[in-house]
Structures are given as structure tokens and as C-alpha cells.
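Asks: Sequence:
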Amino acid sequence: MSTSEGKHGIQWTSRMQLDDLHFADDLALQSQTQQQMQEKTTSVAAASAAERTNQLPVEEEIRKKSWKWIGHTLRKAPNCVTRQALTWNFEGQRKRGRPKNTFRREMEIDMKK
Numbered sequence: 002m003s004t005s006e007g008k009h010g011i012q013w014t015s016r017m018q019l020d021d022l023h024f025a026d027d028l029a030l031q032s033q034t035q036q037q038m039q040e041k042t043t044s045v046a047a048a049s050a051a052e053r054t055n056q057l058p059v060e061e062e063i064r065k066k067s068w069k070w071i072g073h074t075l076r077k078a079p080n081c082v083t084r085q086a087l088t089w090n091f092e093g094q095r096k097r098g099r100p101k102n103t104f105r106r107e108m109e110i111d112m113k114k
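Residue numbers (my numbering): 2 to 114.
Calculated from the structure, these hints are not laboratory results.
Hints should not be assumed to be uniformly reliable.
[Said to hold, decoys possible] Across the chosen pairs, the derived CB separations fall in these ranges:
#1 Phe91 x Arg53: 42 to 50 angstroms
#2 Arg99 x Ser44: 42 to 50 angstroms
#3 Ala50 x Arg106: 29 to 37 angstroms
#4 Met38 x Glu60: 24 to 32 angstroms
Even for Gly, the Cβ is constructed at its ideal location relative to N, Cα and C.
Construct all of the structure, not just a fragment, from the sequences and the given hints.
Replies: What follows is the structure in C-alpha cells.
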């Protein structure tokens, strides 16, 4: 361990700085590895719990509820606003960040899957 006395107390030499950087890299790598292991453990535990409780995947649940809503809406009167919304064509530009597909287009894509 080599240090030198400077104007402002003990100064680290370049060798010590390099050792400190290696130590910091090792700590960061260990922290990242630990985080990845924790995420994997959490996802495995969640999948196991979902399987034991006979829970559907989120995508499947959303798809099921969407089709249920469409069936409910199609049984309404033709002049009902919610039924008209299924066939309504939006004209003009959407604001930045808004989805390009309408609910109807998304469901048509889903039917083709």
C-alpha cells in the first residue's frame, strides 16, 4: 500500500485507485447478479402461485373480458352509443403517443391469431 503526503493530507496513488475501481466493479457485478436471482425467484414463485390457484395469464384474462364486453355491446340497440362506437371511424390525426389502432382493429387482429 503506497500513499504520498500531499498538501491536502494523504493522497491515493494510481495503484490504489485502480484497486478501488476493481473492488467497485466487483460490488456492482455482485449487486446485479443478486438482483437477477431475486427477479428469477420472484417470477418462479408467482408462476407457481398462479398455477396452484388455477389463475389465467393476464393476457388471456384481458382477451376474455374484451370479448365479453363486445358480446354485451352487440346485443344493445343499434342507436346505442356504445354499439356505434364499435364501427365508428375516427377522422384526423391522433396526438403523439396515442395508439394507432382502435379497439375494433385490435380485436380483429386478435381474431386472426
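Asks: Determine for every hint whether it applies to the structure shown.
Replies: How the hints compare with the structure:
1. At about 44 angstroms, the beta-carbon gap between Phe91 and Arg53 stays in the expected band of 42 to 50 angstroms.
2. Between Arg99 and Ser44 the CB atoms are about 31 angstroms apart, so this pair departs from the stated range of 42 to 50 angstroms.
3. As the Cβ distance of Ala50 to Arg106 is approximately 35 angstroms, the hint placing it in 29 to 37 angstroms holds.
4. Between Met38 and Glu60 the beta carbon distance is about 26 angstroms. The supplied range of 24 to 32 angstroms therefore holds.
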